[in-house]
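Sequences listed follow chains Z and B, in order.
According to the numbering used here, the first sequence holds residues 295 to 500 in order.
According to the numbering used here, the second sequence holds residues 1218 to 1386 in order.
I should point out that these hints are in silico values taken from the structure, not numbers from a laboratory.
Small disclaimer: the values here were computed from a predicted structure and weren't measured.
Yeah, the Cβ is synthetic: ideal placement off N, Cα and C, and Gly gets one too.
Treat each hint with caution, since some may be false.
As the list claims (entries may be wrong) - Restraint-style ranges between C-beta atoms, simulated for each label pair:
#, chain 1, residue 1, chain 2, residue 2, range
1, Z, N324, B, M1284, 37 to 47 Å
2, B, D1313, Z, V473, 50 to 60 Å
3, B, R1285, Z, A316, 53 to 63 Å
4, B, A1271, Z, E388, 46 to 56 Å
5, B, R1285, Z, A332, 48 to 58 Å
6, Z, E439, B, R1310, 40 to 50 Å
7, Z, R424, B, D1313, 39 to 49 Å
8, B, M1267, Z, L442, 44 to 54 Å
9, B, A1268, Z, R424, 28 to 38 Å
10, Z, T458, B, R1239, 33 to 43 Å
11, B, R1285, Z, K358, 34 to 44 Å
12, B, M1284, Z, F440, 56 to 66 Å
This is what each chain is made of:
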Amino acid sequence: MTTDVDLTTAVSQQFPSASPRASLDCPAFNILAAEVPAILQYLRDAQGFDFLTDLTAIDWTAEKSPRFTVIWHLYSSGQHRYVRVAADCTSATEPVMPSVTGLWAGADWHERECYDMFGIIFTGHPDLRRILMWDGYPYFPLRKEFPLAGLPAALPDAEISAETGAGVIAAPMMGGPFVAIPGQPMSAAEPRAKDEAWSEHSEKTV
Amino acid sequence: MVTANSELTYNSKIEGDIIVTRADAAINWVRTNSMWPMPMGLACCAIELMASAASRFDIARFGAEVMRFSPRQADCMIVAGTVTYKMAPVVRRIYDQMAAPKWVIAMGACASSGGMYRSYATLQGVDRIVPVDVYVSGCPPRPEALLDALMKLQAKVKREPSAAKLLHP
Chain Z
295 MTTDVDLTTA VSQQFPSASP RASLDCPAFN ILAAEVPAIL QYLRDAQGFD
345 FLTDLTAIDW TAEKSPRFTV IWHLYSSGQH RYVRVAADCT SATEPVMPSV
395 TGLWAGADWH ERECYDMFGI IFTGHPDLRR ILMWDGYPYF PLRKEFPLAG
445 LPAALPDAEI SAETGAGVIA APMMGGPFVA IPGQPMSAAE PRAKDEAWSE
495 HSEKTV
Chain B
1218 MVTANSELTY NSKIEGDIIV TRADAAINWV RTNSMWPMPM GLACCAIELM
1268 ASAASRFDIA RFGAEVMRFS PRQADCMIVA GTVTYKMAPV VRRIYDQMAA
1318 PKWVIAMGAC ASSGGMYRSY ATLQGVDRIV PVDVYVSGCP PRPEALLDAL
1368 MKLQAKVKRE PSAAKLLHP
């Protein structure tokens, strides 16, 4: 069984562009977007990381460059250990990343969710549609500039929209988000707004 | 010798086969006591809805005995759970497919107001797309609360001017 150090040296020898990434648990690498399929295939076939446990992204806010980082978590069912791989998207306005659906069929829905929430386009994906929000929803909800309450938009069905006159609204937050503060009596620990000084009827002062 | 009539009930042998009542009372009596629910179970409230249909609480005692999964055969849509914007047109379409007269119970905090889901994805109250007759508080409400809502709805239906509505819709 190879150790974490062995894995790190093997990957950096095989792919000089890959650099170790700060990590508190499993070995992690920063890699280039162009090398994603090659490195992940190497990890799967040569190092035995046969299971893609998670695929997600980070939005570092619009001011940062690179803005989006895509993260893969791989698990080795033979060695019982994980590895984390991260790659930055070069463009902040049209983030693009190679798809790994060719390596793991299970990446399909992960990449669709990642596209749905962050707007990252996975090139080579067989069917890159939204998976949680509906087709035609104009925003990417997990981007940092998107408010939790949401932004006004049209309902998925134009006919129902015309019939009811309803649409997607910014949810009334009423001083929320509502959070429970643990370690207090039940009366004080129930979910409540952190700042109750304002609501949808009175503007926030600070 | 003449004896007092001790019969308290209607005797068709004496009175004939005629009952006199108001059309509203007769129609509402029928509607009230066979109100079949359309279970719009979307989240955990649906579990309590199932419990109220099961033997311990037995919603059948109030005439709502049979959950109809076809909207054509249902009278009362019970929206039990969180309605997302993606689901909202489906809920409205099923409501439209129900035959009149029809009623809606918003069961629980989510269906009534969006509940704890103050977010971009959740419809902030099902009354934005369908007319709600009774709101039930709770997260989720106890089955007793749903039974109470059904009784409230029945009391409401009993007050409706049904005959006038049928003649002049």
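Exercise for review: Return the numbers of the hints above that this structure violates; sort them in rising order.
Suggested key: 1, 2, 6, 7, 8, 11, 12
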